[in-house]
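Trainee: Sequence:
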Amino acid sequence: MVPVRVDARLERLLQLLEEPPTPTGADRPQVSVSSIELTGTTDDEAATIDATFVVQVSETKQAVLFPLGLAEASIIEFSYRGPSSPVYDSKDPVLGRRWWLKGDGTYEFHFKLRVPVRRTSPWRRLRLSLPTAPISSLQLEIPEAAPVLKASEDVALETKTISVGRTQVRASGLGNLLDLQWQPTASPGDQQAKLDVNTTLLVRSSGNGFLIEGKQYVKALQGAFREFTVRLPHNSQFQQVEGDDIRERRVDPRDPQRVGAFTFQVRVAGDDGFGVLGGNLQQAGVLCGGACGCLRKRANA
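So for the sequence shown, our numbering puts the first residue at -11; every next one is plus one.
Result set (DSS-like, lysine-lysine): computed pairs, CA atoms no more than 30 angstroms apart in a straight line:
(1) Lys138 with Lys148
(2) Lys49 with Lys90
(3) Lys100 with Lys138
(4) Lys79 with Lys49
(5) Lys100 with Lys79
(6) Lys79 with Lys90
(7) Lys148 with Lys207
(8) Lys90 with Lys100
(9) Lys100 with Lys148
(10) Lys138 with Lys207
(11) Lys138 with Lys79
Label pairs and their computed distance ranges (CB to CB):
(12) Tyr76 with Ser193: 37 to 45 angstroms
(13) Gln18 with Ser62: 25 to 33 angstroms
(14) Glu146 with Val191: 42 to 50 angstroms
(15) Pro71 with Ala34: 30 to 38 angstroms
(16) Ser72 with Asp167: 32 to 40 angstroms
(17) Arg242 with Pro81: 45 to 53 angstroms
Hints in this document: simulated from the structure, not taken from any laboratory. It should be emphasised that the depicted structure is a prediction, and the values quoted were computed from it without experimental measurement. Just so it is clear, CB atoms sit at the ideal spot from N, CA and C, and this is done for glycine as well.
Please take these sequences and the hints and turn them into a complete structure.
Mentor: Given below as structure tokens:
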């Protein structure tokens, strides 16, 4: 509803309907983010990101609590510029990290972040919650040549090769969640095998101790391989190896309990995968013998 004078002309009424008055007082947000800039690099484990938030505070005499997201990140370094000192409050499970701000003006938050990379073979995924801002951008170096990318529909993506095996990804319009996925691809003419390994650990109680069971799934992203080597923790060993395509099994004489090498009848390519299962019994903080392991061919999911 737009308030007008009783004696207002029709032309003025139509103008007010087309151009509503600017919100004032309680209608105007006390705190807003005007821009977000993210730059960094990543590997298969985590991304290191420098983040800059420009925050506007207006028409408030009281301290206000404002969420900046970043729930998934660990803060390594923090600095700011502004009319007063922001005070950290807490980490909300939904809104992320919250800060108290008092004093009108422009605040610049600078963070160095460590954000874990999720792995679901063959994809890598980077997620980071953000406050809503009209301008937001990301510039990220990925250690892959010409990766396949996925992001939200509203995000604009660009890529640029910056060196051999490294790609710079630029994204804008991130919204309130950075959600970037990439998949490594084979380099043209490169026949060297490149493997992807996913490891899952399962801990079970066993008497006075507990059993640690590890499962590995190995897949060739490019090329093929004929031999595969597994390293187990100290005092662990393989007791059983199975699989029709396994030609021989060897151990390293320098460390027979830790290293097992397996040679296959055929070259393992991208459409095939092999699962490795092993376990350790840990009691009173000491790894005991009696671990078991098997290797068997498994179809891709």
